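*Asks:* Let's have the full structure, built from the sequences with the hints guiding it.
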Amino acid sequence: MTDKRKVIVDGEEFEVQMEFKDGKWEVLVGGKTYSIESDSPRRPSNRVRKSASGRSSGGSGVVSSAIPGKVVSILVSEGDNVEPGDVVVVLEAMKMQNEIKAAVGGKVKKVRCKAGERVEANVPLLEIEKD
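Using the numbering used here, you'd call the opening residue of the sequence shown number 1 and step up by one each time.
If you are wondering where the hints come from, they were derived from the structure by calculation, not from laboratory data. Hints are supplied without guarantee of correctness; some may be wrong.
[Claimed, not checked] Straight-line distance between alpha carbons at most 35 angstroms, and here's what the computed DSBU-like set of lysine-lysine pairs gives:
| no. | residue 1 | residue 2 |
| --- | --- | --- |
| 1 | K107 | K21 |
| 2 | K130 | K6 |
| 3 | K4 | K95 |
| 4 | K130 | K95 |
| 5 | K21 | K4 |
| 6 | K130 | K107 |
| 7 | K95 | K32 |
| 8 | K6 | K32 |
| 9 | K32 | K107 |
| 10 | K70 | K130 |
| 11 | K70 | K24 |
| 12 | K24 | K4 |
| 13 | K95 | K109 |
| 14 | K24 | K109 |
| 15 | K32 | K70 |
| 16 | K70 | K109 |
No experiment lies behind these values; they were computed from the predicted model shown.
*Replies:* Here's what the structure looks like:
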């Protein structure tokens, strides 16, 4: 399994390993492997086409949110490679989920938040070491 992710289901956080092959996800959670089929012929991406509330401080690779809120999920782990535009954190504010995306490409150096944690605006959520 290649990708390690944290997911929240009914308020409970799980760490899963996932791999996309032959049009379906193979997901390992709690020692069991599940197969999830996809209607899309392509591998799903974290990339977002619309703008999101995430920002990078001066192109430095420090990712923060312009608004305060609750961290719903962290879609990357330390050591993961990201591209500009990849969604890295989902933040809930005013009953809406906001996708926080990387402004720079590189390797995730440090994750500074946890799922379920409340964060203030402009506080670093994670650091990306630029390519």
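*Asks:* The structure should be examined with respect to each hint, and the outcome stated for every one.
*Replies:* Each hint tested on the structure:
As the CA atoms of K107 and K21 are separated by approximately 24 angstroms, the hinted pair is consistent with the 35 angstroms bound. With a CA separation close to 23 angstroms, the supplied pair K130 and K6 stays within the 35 angstroms bound. Straight-line distance between C-alpha atoms of K4 and K95 comes to about 27 angstroms, which keeps the hinted pair within the 35 angstroms bound. Of the supplied pair hints, the one linking K130 and K95 holds, its CA atoms being roughly 33 angstroms apart against a limit of 35 angstroms.
Simply put, K21 and K4 have alpha-carbon atoms about 15 angstroms apart, close enough for the 35 angstroms limit, and the pair holds. Distance hint between K130 and K107 is fulfilled; the C-alpha atoms sit about 7 angstroms from each other, no more than 35 angstroms. With a C-alpha separation of about 33 angstroms, the suggested pair K95 and K32 falls inside the 35 angstroms cut-off, and the hint holds. Proximity of K6 to K32 is assessed by CA-CA distance (about 16 angstroms); at most 35 angstroms being required, the pair is judged to hold.
Distance hint between K32 and K107 is fulfilled; the C-alpha atoms sit about 29 angstroms from each other, no more than 35 angstroms. As the CA atoms of K70 and K130 are separated by approximately 26 angstroms, the hinted pair is consistent with the 35 angstroms bound. For a cut-off of 35 angstroms, the pair hint linking K70 to K24 stands: about 31 angstroms separates their Cα positions. For the hint pairing K24 with K4, the CA-to-CA distance comes to about 16 angstroms; that is within 35 angstroms, so the pair holds.
Between K95 and K109, the direct Cα distance comes to roughly 30 angstroms. Compliance with the 35 angstroms bound is thereby established for this hinted pair. The suggested pairing of K24 with K109 holds, with an alpha-carbon distance near 30 angstroms, which does not exceed 35 angstroms. A C-alpha spacing of about 30 angstroms is found between K32 and K70, which places the hinted pair at or below 35 angstroms, so the restraint holds. Between the alpha carbons of K70 and K109 the distance comes to roughly 22 angstroms, so the proposed pair stays at or under 35 angstroms and holds.
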